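Generate the whole structure from the sequences, applying the supplied hints.
Protein sequence lines, in the order shown, are assigned to chains A and B. Heads up, the first sequence is in the numbering used here, so the first residue is 1 and it goes up one at a time. Heads up, the second sequence is in the numbering used here, so the first residue is 499 and it goes up one at a time.
Derived from the structure by calculation, the hints contain no laboratory data. Source: prediction; values computed, not measured. Beta carbons are placed, not taken as given, at the ideal position from N, Cα and C, and that holds for glycine. Treat the hints with caution; some may be incorrect.
Stated by the list, open to error - 20 Å max Cα-Cα, derived DMTMM-like pairs, lysine to aspartate or glutamate:
no., chain 1, residue 1, chain 2, residue 2
1, B, Lys772, A, Asp121
2, B, Lys521, A, Glu298
3, A, Lys287, B, Glu595
Said to hold, decoys possible - Partial pick of chain A residues on the chain B-facing surface, computed with a CB cut under 10 Å:
no., residue
4, Ala58
5, Phe118
6, Pro119
7, Arg160
8, Ser299
9, Phe412
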Amino acid sequence: MVAALKSWKSRHPVLFELSISILLGILIELALLSFQPPTLLVVRRVADDTADRMIRLAERTTDRLTASPAFTFIDIDDTTWTDWGWPLVTPRGKIEALLERVARSEPLAILLDVDLAFPGDADQEATLRRFLATYDPAAPQLLLVRSLIDDPGAALPVPRPTPYDEAVKGKANILFTSPLFERDGDGNVRRWRLFAEACAQDKPLVIPSMHLAAAMIARQAIHGAPPGDPAPALDRMRTGLAPFLPANCSGHEAEREGVIDDWPAAIPIAVAHDDVSKRVIYRVPWKTGAVGLGPMVESPTGGETQLVAVRPARLALAADGAAPLPGLKGRIVVIGGSFAGSGDWHDTPIGRMPGSLMIVNAVEALTQNGTPREPSPMEQITISLTIIVLASLLTSFLRPSVAAWALAFGIFVLMVVSISRFKSGVMLDLAVPAVGAVLHDLGEAVLKVVREVRAQGWRWILKPHEHSPAIVAGAGHSDIHADIQHDVGSSAGEGGTK
Amino acid sequence: MMRWITAIVLLAAAPFAALASGKPVEIGYVESFDRPADAYVIVSDGVAKKVAILAPILNGDVIEVKDPAASITLRLVGRDDPMIISAANQGTPVTTEVPQKSFWSGLFDWTSASVEVFDEEQREQVSASIRGDDEKELSVPLLASPQTLVAGKRALAIGWPSPRTVEIRILKKGGQVVAEGRPSGGLWLTPAIDWKVGTYRIEIAAGGDTVRQTLQFIGPKKAPKLPAELSDPAAPAPLRASATAAFYAASDPAYVLEALQYVAPDARTSRPAKLLTLALIDGKRPAPPPAP
Chain A
1 MVAALKSWKS RHPVLFELSI SILLGILIEL ALLSFQPPTL LVVRRVADDT ADRMIRLAER
61 TTDRLTASPA FTFIDIDDTT WTDWGWPLVT PRGKIEALLE RVARSEPLAI LLDVDLAFPG
121 DADQEATLRR FLATYDPAAP QLLLVRSLID DPGAALPVPR PTPYDEAVKG KANILFTSPL
181 FERDGDGNVR RWRLFAEACA QDKPLVIPSM HLAAAMIARQ AIHGAPPGDP APALDRMRTG
241 LAPFLPANCS GHEAEREGVI DDWPAAIPIA VAHDDVSKRV IYRVPWKTGA VGLGPMVESP
301 TGGETQLVAV RPARLALAAD GAAPLPGLKG RIVVIGGSFA GSGDWHDTPI GRMPGSLMIV
361 NAVEALTQNG TPREPSPMEQ ITISLTIIVL ASLLTSFLRP SVAAWALAFG IFVLMVVSIS
421 RFKSGVMLDL AVPAVGAVLH DLGEAVLKVV REVRAQGWRW ILKPHEHSPA IVAGAGHSDI
481 HADIQHDVGS SAGEGGTK
Chain B
499 MMRWITAIVL LAAAPFAALA SGKPVEIGYV ESFDRPADAY VIVSDGVAKK VAILAPILNG
559 DVIEVKDPAA SITLRLVGRD DPMIISAANQ GTPVTTEVPQ KSFWSGLFDW TSASVEVFDE
619 EQREQVSASI RGDDEKELSV PLLASPQTLV AGKRALAIGW PSPRTVEIRI LKKGGQVVAE
679 GRPSGGLWLT PAIDWKVGTY RIEIAAGGDT VRQTLQFIGP KKAPKLPAEL SDPAAPAPLR
739 ASATAAFYAA SDPAYVLEAL QYVAPDARTS RPAKLLTLAL IDGKRPAPPP AP
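Take a look at the structure:
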C-alpha cells in the first residue's frame, strides 16, 4: 500500500499534493462540524462581514416583496421637534394626540417607540393616562416600550415602572414590550433579542420584544390563524414564550431552545443556540426626507406602496382632528423619532438608521422569513468542501496572489447564486468554511515545514537563496527532492523566499 | 446559446414587467393646502376623492383646484422639493418614478460599492455630554463651580440636563449622608432638611462617572440683598419667585443652585418658572446687572 502510494506520488506529484490537500480539508471540516469548537474571533468577523455583504446585496436587488405588511412611520423629525420647542422629553400630550388619531384610522397595530418611563409634564401625563385607561377594547393592538434597569447586584434586570402601568393593567390590547437589540463590538447592530428576561417583586417574567409581538400580529393577518388554533396572535405568542420563563430571579439559566411560532410551518420563529437565528436581515435603509422607503409591497387598501411610508408627526397633528388619518388602514404604524438629537440612532449593516426603522426591519424580517435558518447539514458540508477543494486546486495550479483573487471571485459567485435562498431566510454561515480554510492553510504550511526540516536538517533555519545547490543537494531521497522542487516552483513568483 | 440569451433577458426584464402590472402605486401624500378642503378634488382612476392632509397620492392622480387663488402642496417619492399645484397647472396627471431595482443593476451597484477605492470621510459630530443616553459622559452644569446656598429648613432641588437615572448623595463634613436618592427625569427634591451654616459635599453619579462639588451654606444675612421690589406683595408669587431666581443667578455663578430653589417648585405649573429652571439646569444664567 505504502509502496503503491510512493509510486503514485513519484509519477503524479501535483495530483498527490492535491489529494492530500483535499483529504486534509475533509478531515478538518468533519472535525469542525462534529466537535463544534468555540468560534474564533477572526472567523466570527469573517462570517459577520460575509453576512453583511449578503444583506446589502439582497437589499439592492429586492424590488418587491410578497406576503409582507405595509408600514407607516409617523416620524418625529427635526422639523417636528423644532416646532415642539426642542423638549427634553417627548411631550406626552403630543403622544396622546397622535395615538388618538392613529387609533381611529384602523391600522393593523400601533407601535409607540417612545420610552414612557421618563417623567413629563404632570397635566400632559394625566391626559395620556386618561387616554390609555379608556382605550377602546376594540381598538387596534397598541405596543408600548418597557425599558429595564440593570441592577448590578441582581441577576436579572428590573422593569422600569411608568406612570401608565395602572392605567393599562388588564387591557388585552395594550402590551408593554422590550425594544432591545444587540450591538457588536464594532458598533453595528446585527442581532435582535426576541424577548427579555426580568424580575419584578421577586417574580421572574418574560417581556416579548416589540418586533416579535408586531410580527405575530402581521403573520396572523397575512396567513390567518393556524388550523385548529384560532387564538389571537398575542395569546399564541404568550403560549410560545411560556417555556422561556426563568424558574426564579436568582440567576441566568442555560440558554434554551424552542419554537415560539410554528405557523406558517415553513418560516417558524424559533429560539436556537446558533448565531444565525439571531441575525436581522435588514431590507430598508434610512434616507432623511424620503417619502417612502424599501421595496414595493401590496397596499392593504389595494394597489402597491413602498414598504415604509414616512409621514412627519407634525402633519399628523395638523390634519383634521375629527377624521381618521388617511392612508393608515391595515398598516402597522410606528410612532417614533428620527430627529438628530434623539440619541436613538444606530449603525447597521445597511447604514445608520433611527431605532424605529430597526424595529420595522425586524418586524418585516420576522414576518417574511421567521428566524433565519442555516442550510441543511448536507448542504453545509457540500459548500464547505467545495470551498476547500477550490482553494486546494487554485493554490496547486496558480500563483498564490492569483489564487487568492480567484478564490475571492469564487466566493463572490457563491454569494450571488445563493442570494435568492438568502432572501427567503436561509443564511449561509461561512464561519465553518472560513475555519476550515484557515486550518487547512495552517496544516499545509506545517506539512511543508516538516518536509523541509527532514530534507535540510539544521540548515533549515538558514534563509534559503536561489542558486544554493548545497541545501538541496543535502537531500538523499529523490521524492523529497521532488517535493522541494515543487514547493520552490510554486512560490517562485513571490520572489523565491518564504 | 439562444436559449441562454433569452433566459438572461427575461430574468433582467422581470422586475420591470412586474412594475408594469397596471396596479395603482402610491407615490406620495398631500402635505398642505391653503383653502378649505372642498376647494380641491383628487381624481383617482376617474373617481373623485376628498382632499385631506396626508391623503395618499397614486401614480396618475389628477388634482383639480376650483379656487383660482388656491394651491395645494404634495410630497412625492424621488423628489427633494414639494410639488405645488394651483389653478395654473392643475389637470395634469401627477406621476413620478418609484426607484426601481433590477437584479443586474442592484448587483452592479453592490459590486461597485464593495470595491471602494476612495476614502469617504465618515465622521460625524458627537456630544460628550448626556442627553438620554446612558453611555454618554455625565455632566451637571449647575455644579460646575462651588455653590453657595442660604441655610435653613427646606427641600433642596437638584437638576441635571438629562432624563437619565443618577445616584445623588449629599454629605455633611465628616462624611455623614444627609440626603440620598436614585432619581431620574432631570430634577430631584430632597426631603425638607434643616441645612446648617457650613460646608456640605454633593456627589452625583451615573454609569461610572461621578460629579462632586462643594455646597457652602451661609446665614440669610450674608446672602446678596434682594431689591425691594422683589418683595412687593402686589406682584403674583410665581412671578416674584422667578424674578428672585433671575436676580440670584445673574448676581454670581455661585448662586445658580440657590436660584434654582425659587423656580423648581413651580416648574410644572408656571411656564416662566419652567423655562428658567431648564435654563439654569443647562448652565445658562441671565446676564449680570450692568455696573452702576
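Cross-check of the supplied hints:
Note on B/Lys772 and A/Asp121: the hinted pairing holds, with a Cα-Cα distance of about 10 Å set against a maximum of 20 Å. Between B/Lys521 and A/Glu298 the alpha-carbon distance is near 10 Å, which keeps this suggested pair within the 20 Å criterion. A threshold of 20 Å between alpha carbons decides the hint, and for A/Lys287 with B/Glu595 the separation of about 17 Å falls inside it, so the pair holds. The beta carbon of A/Ala58 is positioned within 10 Å of a beta carbon in chain B (closest approach about 9 Å), and the interface hint is therefore held.
Interface restraint check for A/Phe118: the shortest CB-CB distance to chain B comes to about 4 Å, inside 10 Å, so the restraint holds. Given the 10 Å rule on beta carbons, the hint for A/Pro119 holds: about 4 Å separates it from the nearest Cβ of chain B. Interface restraint check: A/Arg160 against chain B, minimum CB-CB distance 8 Å, threshold 10 Å, status holds. With a cut of 10 Å, the hint placing A/Ser299 at the interface with chain B holds, because the nearest CB-to-CB distance is about 6 Å.
Among the interface hints, the one on A/Phe412 holds; its C-beta lies about 8 Å from the nearest C-beta in chain B, closer than the 10 Å criterion.
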